[in-house]
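**Q** Sequence:
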Amino acid sequence: MEFRTAPRTLLLCLVLLASFFSYAKGAPTLEATPLEPLLAVAGDSVLIDCVVKNLQNYTIIWRRVVPGSNKTEILSAGEVRIIPDSRFSLLHQKDHETWVLQIQKAQVNDSGRYICEVNTSPRMQIYRLLSVVERIPTNSKAFPVDHNYTGCCVNHGVPASCQEFCSLQSVIMGGHPNPWQCMDHLPVITKCLTDGRNHMPCCVKQNIPEVCRSVCTGDYGLTTVLQHYSCMDHTLPTLTCIAEGIELLPGPPQEVSVEVLSDTELKVKWIPPHQEVAVEKYHINVTLVKELSDLQKLESGMNDQKKMTKLDPKKTGSVKSFMMLGNIRSSEWHVISLQVDGNKTSYVVSGLQPVTMYEVQVTSENSHGSSLPTSSVRVLTLSAPKGNMVANASEAYFAHLPNITKCCQKKGVPEGKCLKSLCDPSDDEDTKLSDVLMCAPFVNITFECMAGGADHSQCCQQRGLPDICLDFCRGNVTQLDYRHFICLDHIDIYGNCLLEYYKVLPGAPEQFLVSMVHSRWAVLKWSPPSMLPESVLSYVLYWKEVAMDEIIEYNVVNDVKSPHLLDNLQPQTRYEVYVAARNAFGLSRGSVRAVFTTTPEMNRTEKAEEKYSAYNETACCVAAGLKTSCLDLCTYNVRLPIFAFTECAR
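Under mature numbering (1 follows the signal peptide of the UniProt record, and there is no 0), the letters of the sequence shown match residues -26 to -1, 1 to 624, in that order.
Keep in mind the hints are simulated off the structure, nothing from the lab. Since the structure is predicted, the reported quantities are computational estimates derived from the model, not experimental observations. Do not take every clue at face value.
Calculated cross-link-like contacts (lysine-lysine; reagent style DSS-like; alpha-carbon spacing at most 30 Å) [to be verified]: (1) 243 - 477; (2) 499 - 535; (3) 535 - 477; (4) 255 - 241; (5) 499 - 79; (6) 241 - 535; (7) 318 - 79; (8) 477 - 385; (9) 241 - 477; (10) 255 - 318; (11) 79 - 45; (12) 68 - 27; (13) 499 - 255; (14) 477 - 499; (15) 255 - 79; (16) 477 - 384; (17) 499 - 241; (18) 499 - 243; (19) 477 - 391; (20) 27 - 45; (21) 241 - 318; (22) 394 - 384; (23) 243 - 79; (24) 477 - 380; (25) 380 - 391; (26) 499 - 27; (27) 255 - 179; (28) 255 - 243; (29) 380 - 394; (30) 79 - 68; (31) 499 - 68; (32) 27 - 535; (33) 241 - 79.
Full structure from sequences and hints, please.
**A** In structure tokens:
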């Protein structure tokens, strides 16, 4: 009898053991998913995010509740779209926790309840509420008085308890129960309030003190109790300026992108503001950040592929990067200002310097004022043409690459690892520095064969090689010493320049931009290159944090596609991103660089309570011996009859 029950006992133990390990690992959870409802305007793109921790081998399913019933329809399963409507798609990065349902060109009938579901047993679900409204026409006279920016607040994580501050009329009327609860959200609320318009000229005209003016440009800079009380008397004039500006001032241009045309020309493109206020002209600022020769130790072009960190996608939120431009003194920046007619959506900027990094911003203007400038886009101009090289490089097309391996063999490079490591440009990415060092005596032969009698130094310079390495790109290295060791780690750069010369690499991706920014993620978009787009196999993303006086490396994410969800970011942090195209031969030059700042993140209740308890006005008044009947004066929301003020003033 005991023998018969032993298998059952063993099976029960195995089941219990499996359950224990499953519990120890942690069941899937949706706790980190935001619960705030989403508000969008018809025609815009909508992003509904869901954060799933410990997903394990389960599947994420997006559903939508059918209006007027309790039935649901499946929109997507995993990363596969189920619904026939092609406006719906899913954004997700492998092994990451954020799953975003994207709805392009949202319609009013897209409003409703959306379900993020994990197919556990029982099913695990969380609901997201979406409201899509028609755009408010410009002839609505009540709009400036009742400027309602709740949708912006909701999209930036402002909780429902603080959304009374997301209507201009509600702010003017006052009566909020406890403004202190919303202090952490005032920067986002202020940014939504100003709606991308520049209200500063009106605030200056109204003699609003300088310490209070940051609100006029959407930057809530009040930090001390004294500043808050000093600016209270100027609240109504500030709100009056904003109400007037909402009706009269244009919003900022959208989707600004920059295309490099030549060594001295850039083409700037944009979409008109979504605000239906007339734009008379656009103001383009092109700032010379630094000449490339001064940035060799900082960054430029593609930079050194070998030194860029190749990441496990699970760790992309924690890696620091290569050198950034934050330590450049303002006196070294040169600005070119241009004006363009308001009916234009592109402009060619000429007269620039070759091989130079520029930063581009665009502002909308009319007779009443201007918008705030757009986010910066950084771009590197091409190198100046030299002699007949342009004719050879840009006009001739070589159907077959030269046989570099055969050239190396003829000149004495031995068979084996050295021949493969140094003389095969298509195999550069697998070449290790140790292999190159071992084969150092044959380096001069290698680069002579790779150069093919042409000067590739301009390409090498644009891709970030130090000046001491440029002789390798010219193919005229005669003697090696210790200074050249740094150059031996750039074999892939030389190979890509050779392939670019023979026109087998694709062009740089075009129209690269950041379409939406959140506190923890951003959505990136781009178009295929105009040169050899059919040859592109994949795209490579490079991103890093922009820091002041700090060495930061590029993070590298392979095999990305547009649109791409870049997540695991830090709130209120500035980032720089760009992409490159890869085909069977190698990697293109990088696209233009987009610079963006993530939004502040909504603090947890515990953190808020800890912050508020750090300074308690009422406790201070008690310690100072103030009468109990006067303690109501120790809050922002003072509600005492006038005679009480006289009594408490004694």
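**Q** Mind listing which of the numbered hints don't hold for this structure, in increasing order?
**A** Every hint satisfied by this model.
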